[in-house]
Amino acid sequence: MNESDIRLTPIKNGTVLDHLPVGTALKILEILQLSKPEKAVTIAINTESKKMGRKDLVFLEGKELKKSEIEKIGLLARGATMNLIKASEVKSKIAIELPEKAIGIIKCMNPKCISPIEGLETKFFILQKPLRAKCFYCEKTMGEKEIANAIK
Amino acid sequence: MEFSLTDIISICDFSKKDIDIVLEKAAEFEKMPVEKKAGILNGKIVASLFFEPSTRTRLSFETAIQNLGGKVIGFADPAASSTSKGETLSDSIKIISGYADIIVMRHFIEGSARRASEVSKKPIINAGDGANQHPTQTLLDLYTIKKEFGKISGLKIGLLGDLKYGRTVHSLMYALAHYPNTEVFCISPESLRMQQEIIQDNSEKLKIFETRDLQEFLPELDLLYATRIQKERFADEFEYEQIKNVFILDKKILEKTKKSFRIMHPLPRVNEIKPELDSTSAALYFEQAKNGLPVRKAILSILKDVEK
Ligand SMILES: [Zn+2]
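So the protein sequences, as listed, match chains A and B.
Just remember that our numbering sits 45 ahead of the position in the first sequence, which is counted from 1.
Just remember that our numbering sits 2 ahead of the position in the second sequence, which is counted from 1.
Keep in mind the hints are simulated off the structure, nothing from the lab.
For each residue, glycine too, the CB sits at the ideal point set by N, CA and C.
One or more of the hints may lead you astray.
[Stated by the list, open to error] For each label pair, taking beta carbons as the anchor points, the in silico distance ranges come out as:
{"#": "1", "chain 1": "A", "residue 1": "170", "chain 2": "B", "residue 2": "57", "range": "28 to 36 Å"}
{"#": "2", "chain 1": "B", "residue 1": "242", "chain 2": "A", "residue 2": "82", "range": "50 to 58 Å"}
{"#": "3", "chain 1": "B", "residue 1": "250", "chain 2": "A", "residue 2": "172", "range": "45 to 53 Å"}
{"#": "4", "chain 1": "B", "residue 1": "242", "chain 2": "A", "residue 2": "156", "range": "17 to 25 Å"}
{"#": "5", "chain 1": "A", "residue 1": "170", "chain 2": "B", "residue 2": "217", "range": "39 to 47 Å"}
{"#": "6", "chain 1": "B", "residue 1": "14", "chain 2": "A", "residue 2": "75", "range": "41 to 49 Å"}
{"#": "7", "chain 1": "A", "residue 1": "194", "chain 2": "B", "residue 2": "167", "range": "51 to 59 Å"}
Pulled out of the complex, with its shape left as it was, chain A reads as follows (with noise of 0.2 Å):
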């Protein structure tokens, strides 16, 4: 399969993610609670791209994505664009960023941290170089893979 096939996918209205990381179109799903989805999902892991050279596709039919989900996906594949199709047209096209904060969208895995102890909503702070969240409460950090795991 290559790009120009991936084109022919029919999204009447909803959302494509593009460019996604290679092995992480099956995490979003797992993110965005679709593995039972009322609508069609369609998903391509390591196809071709002149881009990236390999990358991950999700269509998602009938579905917009919130805030909070945008946050997530930025989280774990920086660089991902996210196409709105309307009328099987692209309305826009948004490169997703890494967030500066995430607020309640991972959890701390420090067991000694007072926000799961007292069920807080979380906050962390997003560094980069490389890619780290700080816990706004005990200061401790998690890397790219623990963050991944993280994500509620």
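Please build the complex by placing chain B with the ligand on the supplied structure of chain A, with the hints as guidance.
Just chain B with the ligand now, kept in the frame of chain A:
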């Protein structure tokens, strides 16, 4: 004076200016007449909440409060707190902040002081939150260095011992990054090396060297900050027994060091520094412990009129 913080939670919150304000104020307190000091917290009530016992830190804070004429309420024994009856920390702090003007707290839960600062209308001073932060320790460390050497920038400072888990050396490293041209020598056994993340975070501002060998940089050092290697960190007692004896400071090291060389330690020590060093000019650790008082007075006096 423009101190930017309303709570003392983490050394990472401090700007260079905030640190300088505390250090200057602490120096003022050392010269201030007793009667003048005694009026500073006049009519103020400070809550001293030790959810985790720490006699030395508590006595240092409570002495500072009393010297400034403040009144202390609180508990030294966590069994006396209502969280031991199942109340959340957030609720306890909300209630106590209705009584006290400033809250000093120590708690074993990491992030507890930050949480307290969110729910309290009165300033919170973190006197230790588990393995996370103990900012007044770092401030008194900086104050001790400045007082002894007349400066912090440009010094060659060795950090010795448990650099992997040691809270004090982590905080000190971030704080030293405010002082340009400072060189930091991380000296530890392989299994207790400074975390790479911390080295990376500070490598632009500090010159950082790592070694397993205490002797390597000894002649260059202005200061050696020794820390305790804690038994709890080791699954294997044999490994602990071996490692704890690797770096023991004795009089012999002074044959190699500069005349102005000094040793600091957050105390209590176990066997890291032999008592034979106590009477030498290198021993700065008791002076360091004493410096907790002016530094804590400085913080209390800065926070006493804070509006949150
Ligand atoms: Zn945390």
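Quick rundown of the hints versus the structure:
| no. | hint | result |
| --- | --- | --- |
| 1 | 170/A to 57/B: 28 to 36 Å | holds, 35 Å |
| 2 | 242/B to 82/A: 50 to 58 Å | holds, 54 Å |
| 3 | 250/B to 172/A: 45 to 53 Å | violated, 37 Å |
| 4 | 242/B to 156/A: 17 to 25 Å | holds, 23 Å |
| 5 | 170/A to 217/B: 39 to 47 Å | holds, 40 Å |
| 6 | 14/B to 75/A: 41 to 49 Å | violated, 33 Å |
| 7 | 194/A to 167/B: 51 to 59 Å | violated, 23 Å |
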